[in-house]
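Visitor: Each chain, letter by letter, is given below.
Number of protein chains: 2
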Amino acid sequence: MDTRQLRAFLAVVETGGISAAAEQLGYAQSSVSDQVRTLERDLGVPVLNRTSVGTVPTEAGQRLLPYARRLLDLDGEMRRCVSGQRPLLRIGALQSLADEWLPEVLTAFDHGAGGPDTADVTVTVSSRGRLMEELNDGRLDAVFTLDSGPGYDGPSAVVGYDRVVLVTAPSHPLAAIHPLTLDDVKRSEFLVTEIGCIYRQCFDEFGRDVGPSLKIAMITGSLNALRRLAVNGRGAALLPRFSVQAELDSGDLVMLDLKEGPVRLTVEARWREGLGPAAAPLRALVELTQRFSPASWAMA
Amino acid sequence: MDTRQLRAFLAVVETGGISAAAEQLGYAQSSVSDQVRTLERDLGVPVLNRTSVGTVPTEAGQRLLPYARRLLDLDGEMRRCVSGQRPLLRIGALQSLADEWLPEVLTAFDHGAGGPDTADVTVTVSSRGRLMEELNDGRLDAVFTLDSGPGYDGPSAVVGYDRVVLVTAPSHPLAAIHPLTLDDVKRSEFLVTEIGCIYRQCFDEFGRDVGPSLKIAMITGSLNALRRLAVNGRGAALLPRFSVQAELDSGDLVMLDLKEGPVRLTVEARWREGLGPAAAPLRALVELTQRFSPASWAMA
DNA sequence: CCTCCCTATCGGAGAAGCCGATGGCATGAT
DNA sequence: ATCATGCCATCGGCTTCTCCGATAGGGAGG
Chain A
1 MDTRQLRAFL AVVETGGISA AAEQLGYAQS SVSDQVRTLE RDLGVPVLNR TSVGTVPTEA
61 GQRLLPYARR LLDLDGEMRR CVSGQRPLLR IGALQSLADE WLPEVLTAFD HGAGGPDTAD
121 VTVTVSSRGR LMEELNDGRL DAVFTLDSGP GYDGPSAVVG YDRVVLVTAP SHPLAAIHPL
181 TLDDVKRSEF LVTEIGCIYR QCFDEFGRDV GPSLKIAMIT GSLNALRRLA VNGRGAALLP
241 RFSVQAELDS GDLVMLDLKE GPVRLTVEAR WREGLGPAAA PLRALVELTQ RFSPASWAMA
Chain B
1 MDTRQLRAFL AVVETGGISA AAEQLGYAQS SVSDQVRTLE RDLGVPVLNR TSVGTVPTEA
61 GQRLLPYARR LLDLDGEMRR CVSGQRPLLR IGALQSLADE WLPEVLTAFD HGAGGPDTAD
121 VTVTVSSRGR LMEELNDGRL DAVFTLDSGP GYDGPSAVVG YDRVVLVTAP SHPLAAIHPL
181 TLDDVKRSEF LVTEIGCIYR QCFDEFGRDV GPSLKIAMIT GSLNALRRLA VNGRGAALLP
241 RFSVQAELDS GDLVMLDLKE GPVRLTVEAR WREGLGPAAA PLRALVELTQ RFSPASWAMA
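Line by line, the protein sequences are chains A and B. Position 21, counted from 1, in the first sequence is what the numbering used here calls 21; the numbers after and before it change by one each time, with no gaps. Position 144, counted from 1, in the second sequence is what the numbering used here calls 144; the numbers after and before it change by one each time, with no gaps.
One or more of the hints may lead you astray.
Unchecked claim - Not everything, but these chain A residues come out facing chain B in the computed CB check (under 10 Å):
#1 4
#2 43
#3 75
#4 118
Read the hints as simulated data drawn from the structure, not as lab findings. A quick note: this is a predicted structure, and the numbers were derived from the prediction, not measured. A virtual CB, placed ideally from N, CA and C, is assigned to each residue, including glycine.
Please build the complete structure, drawing on both the sequences and the hints.
Guide: Spelled out as structure tokens, the structure:
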């Protein structure tokens with residue numbers, strides 16, 4: 001059996017059709033049809049239900065799916081190992097962690113702080129849902145997330161804790177009020193990220209406590225843009241402390257003096273079992289992350 | 001890449017040559033040569049050092065070896081699972097365990113005592129060393145051994161305990177002596193198994209305590225033959241109690257009344273990680289073995 | 001130096017892979 | 001009802017791969 005057939009099958013299932021898979025793989029449609037048929041002849045079982053509108057894996061095809069992924073994964077790992085390359089560690093992270101925290105960790109890791117076992121690291125930035133999906137599919141080896149809910153039974157470790165803080169520019173009216181009350185906050189404008197972002201979820205929790213009358217100034221997908229808007233006095237922003245630590249230190253932003261609603265964040269690492277040669281570097285990386293919590297990582 | 005190439009490579013390494021591998025696989029010699037060359041072109045690295053006397057894997061080939069085995073294993077597991085067959089559980093055991101204990105356990109397992117997850121079970125009988133080798137190579141999924149030494153860091157569980165006992169026919173002169181002393185034993189003949197067998201090792205330990213003057217009556221590879229020789233009054237035998245429990249119960253053999261040197265035996269299960277669908281049946285089987293200790297399994 | 005055994009290479013026959021084109025089939029719009 | 005659309009299977013062809021038998025090279029040992 002050839003791995004091409006597994007790749008073809010996988011592409012068909014992922015794209016939902018033979019034609020789409022053929023285009024994705026750079027084959028003619030008839031070739032992919034042939035490949036799947038060869039695979040079915042080899043296995044002795046049909047793996048696809050063909051319809052005129054697309055293609056759906058049969059029950060046997062669904063059983064095949066995880067094996068196909070594992071085999072292709074193992075094939076790639078084998079090629080890396082045999083050709084003497086360093087193992088590949090595919091990690092995923094939320095944007096904020098990838099922006100503000102991972103770069104320093106990975107720099108230290110590359111400089112040998114990860115121990116003698118090093119690896120080539122790729123970082124995929126995505127939402128929490130997609131990260132977990134790709135981890136379960138085997139497309140990622142490990143993910144770093146915040147406050148990840150249940151539904152994962154693989155190995156994991158808490159990397160550190162942080163909290164969500166309400167920040168504004170020092171010149172913002174809210175910054176002058178001590179102590180700040182919820183009523184003051186209600187009258188202000190908020191900078192929030194798009195729906196689905198984890199900080200947006202924090203905001204929504206926070207907002208529910210404060211009440212529905214919160215004014216929303218802007219919705220944006222970039223934490224960095226949001227932060228700069230806050231620096232420019234455009235409004236208050238609810239952000240994890242580690243992502244604005246530099247601005248707090250330099251005085252570009254101030255933390256508002258509000259007791260209510262500080263949301264605690266747990267930074268967690270989750271990874272797959274059976275990583276092969278990438279297991280040792282990952283272990284080193286996770287230990288490194290635990291030692292590498294930023295100064296603001298204070299909230300136990 | 002085709003699994004045929006991996007099979008060819010594996011056969012070459014195991015047989016020590018391309019010609020021998022070709023014969024084993026049913027190919028022409030030139031075909032296997034081609035297959036290995038194709039594999040090397042695909043991987044970009046030579047995997048075999050060819051000499052005029054045979055073939056040895058290169059460094060890259062040695063790295064390839066475990067991956068080739070794992071890939072072929074996974075391929076087989078995939079075929080089983082996809083075609084809807086029950087998972088295959090390849091277990092190995094020492095001859096005594098396979099003869100006297102495993103049959104009842106496996107019968108109960110097949111009759112559903114292993115829980116809802118069942119599997120097709122193959123049993124390989126071999127020496128402890130070979131069993132561990134095949135377990136590490138992935139040719140076996142689990143092994144049952146006695147007093148297995150260190151050098152294994154995978155998962156394991158103690159199944160039960162037994163002891164080595166010195167037995168003779170009731171008519172044997174030693175059986176009439178109470179209490180028995182080491183001097184009495186020294187003057188008797190012993191039935192022992194071949195070198196390398198674990199009971200032979202027990203005997204050697206025992207013998208060292210007793211002294212070098214022990215007379216050895218016979219060396220045989222079959223525990224059953226040895227047991228019958230003892231029943232026929234041919235001498236004393238040092239055997240695990242569970243393997244002679246039936247003869248002790250029926251009175252065909254008696255346990256000698258000697259305090260010194262009873263060797264304790266630990267029956268241990270060891271298995272591989274990453275068993276896939278065979279993991280649940282194996283867990284059930286191990287739990288079953290722990291509940292299934294024979295009556296003689298008394299020595300804690 | 002000769003023999004033996006091992007492996008690489010070559011040429012040819014057969015099989016398999018891939019492609020473009022064609023046709024069947026279900027769906028959804030007109 | 002009819003037509004258009006998008007999907008997949010099939011077919012004939014070309015190319016590539018696979019496998020084989022035969023042959024040649026090369027080191028080990030007598």
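Visitor: Please go over all the hints and tell whether each is borne out by the structure.
Guide: Results for each hint:
At its closest, the beta carbon of residue 4 of chain A sits 8 Å from a beta carbon of chain B; the interface hint therefore holds under the 10 Å criterion. A distance limit of 10 Å between C-beta atoms decides the matter here; for residue 43 of chain A the minimum to chain B is near 5 Å, and the interface restraint holds. Taking 10 Å as the C-beta contact cut-off toward chain B, the hint placing residue 75 of chain A at the interface holds, the least distance being around 7 Å. Nearest Cβ of chain B to the Cβ of residue 118 of chain A: about 17 Å, over the 10 Å cut. The hint is violated.
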